[in-house]
Amino acid sequence: MAREIEPGFYWIYEGGPDRSEMFAAEGSSPAWANPDEAVYIPQCAYLLCGEEESLLLDTLSPAGSDHILDELEALLDGDGLDYLVVSHPDVPHAGNTLAILDAYPDATLVAPRYGDDHELYRLDDALRVGEGDEIDLGGYVVAFHEATFLDAPVSLWMSERTTDTLFPIDWLGFPHGESEALQFVDELDAPLGDDRLVQFHGRVLFWHQYVDVSKVKREIDRLIATHEPEQLAPAHGLVVRREATEQMTRMKGVVEEIERRDRIGTLG
Amino acid sequence: MPATIPLTGGVRWINECFAHEDAHEHVSVYLIETETAAILIDSGSFYHREAIAERIDQATGGDGPEAIVLSHSDYPHAGNISTIRDRWDDVELVASSGSPELQGLSDAQRCTIGDSRTVLDRRFSFVDPPLADRSHTAWIYDHGSGVLFTADGFGSYHEPADCDRTSRQFEDNVPRETIYQYHANNLAWLRYVDPEKLEAALASIFETYDISYVAPIHGHPISGRELPEFTNRLVDVAGCIASEYEVPEP
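Residue numbers (our numbering), protein chains in the order written: chain V, 23 to 290; chain H, 2 to 251.
No lab work stands behind these hints, which were simulated from the structure alone.
Just so it is clear, the structure is predicted and the values come from calculations on it, not from any experiment.
Any given hint might turn out to be false.
Straight-line C-alpha distance at most 16 Å; calculated EDC-like pairs for lysine to aspartate or glutamate [to be verified]: (1) K274/V <-> D216/V; (2) K198/H <-> D129/H; (3) K239/V <-> E250/H; (4) K198/H <-> E278/V; (5) K237/V <-> E281/V; (6) K237/V <-> E247/H; (7) K239/V <-> D284/V; (8) K198/H <-> E281/V; (9) K239/V <-> E247/H; (10) K237/V <-> E278/V; (11) K239/V <-> D195/H; (12) K237/V <-> E250/H; (13) K198/H <-> D234/V; (14) K198/H <-> D284/V; (15) K237/V <-> D195/H; (16) K237/V <-> E197/H; (17) K237/V <-> E245/H.
Footprint (simulated), chain V over chain H, 3 or more residues, beta carbon under 8 Å [to be verified]: (18) 60-67; (19) 83-93.
Built from N, CA and C at the ideal position, the CB exists for glycine as well.
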């Protein structure tokens, strides 16, 4: 499944397993979900086809190997892939790196310059990028950033200049119902509640239980002021086309809630 | 280098290292010899694939492990599962991942963080880890030996001459600076940590479990005798990492 966000800018989606039983088993069946449908916390990859070159951010999970290769074949329509960016070497993000490079052997592998264990992730030969680095695809220009809220130390975030899209990878994800797959947040029947953000971040970025909340809030303010994005394209949620900075601001309340609770659960 | 370094209660350390420019980082696995079988904790990195397989072979008299218990599916921990299962038949895989198919572990038996289960003839508890990076990481407590396997937590870098040392072989415990360098480089979120919250979470674990050794994948095994001082250094290091990071002005 894929959706075009802007001309040549594609959202490639893998729903993964139905999470409704996970929520139910933990006694937290979400009020926002339709009880008759599946609940997903997706893996998302993004393909940017510029006038001159193309770039794929992340690879979906090993379970989505055929899916990502089929989507790339259809969306590139016979053209090659120029850049494969691995945001971080976590299996659901990087699990199809070798398969994609086998299919597109001329693609340049791009990896974070942060962290110090690249050889242990087979990223030692990658083009290493970080804050200040850009790739001009012709029409689209991507910029790379040090990841702020992350799991693996070898991590990056990305933005796209012409659409003011921020790709915050493991930050700003949330679960959704089956009928909401590939919808933009502004297309949902009901407003996105904080509970969805708490459920995701309390699992994936569980370490918020142990933080100085006021410091994290200051970091969120800095991110908003630094990026001022128009759109958000997370790796584990739906794309936000409107009121992106408001969505980021809401995370301050989400962090407070995670810190207040015991461990919500796990994911992955 | 010995095939394994004995710790306690049938737990043996298989220590491999990755060399950074000025220090080494352990990328270890642990082998538990029970009365009837061998259980491997994590599988190591592909980077050490042949060495780990050979050392397991030597330690088990060629029989290999009958089970692998995985702390999480990060590549340096899960990089040799296929190799081990190809070399030895019927190796049971137990992992804390809630979505094993997404992690490339499609036939793993799931263990749940907070629960206990018996693997072969050994009882394990899967502990919610206050020091980890990936969401599905579990610390693994072996009730038979009292060893707590802490995955990415409690690590440290080391000098090339110190590869085989446990905490007991240091005159004054594991050096604070090596604990600092490891955690600063590998657990980036510590820049936001409230060290009192971390200390309380660790204390709660230590009150719950009778620990003979803490066994990190990326550091020296720490015996119960040195654990209180190591923990003091670790909490102090976490506080330093946090205090050194000021949120930049936009």
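Hints and how they fare:
no. : hint              : result
1   : K274/V <-> D216/V : holds (10 Å)
2   : K198/H <-> D129/H : holds (14 Å)
3   : K239/V <-> E250/H : holds (13 Å)
4   : K198/H <-> E278/V : holds (14 Å)
5   : K237/V <-> E281/V : holds (13 Å)
6   : K237/V <-> E247/H : holds (9 Å)
7   : K239/V <-> D284/V : violated (20 Å)
8   : K198/H <-> E281/V : holds (10 Å)
9   : K239/V <-> E247/H : holds (12 Å)
10  : K237/V <-> E278/V : holds (11 Å)
11  : K239/V <-> D195/H : holds (14 Å)
12  : K237/V <-> E250/H : holds (13 Å)
13  : K198/H <-> D234/V : holds (9 Å)
14  : K198/H <-> D284/V : holds (12 Å)
15  : K237/V <-> D195/H : holds (10 Å)
16  : K237/V <-> E197/H : holds (15 Å)
17  : K237/V <-> E245/H : holds (13 Å)
18  : 60-67             : violated (count 0)
19  : 83-93             : violated (count 0)
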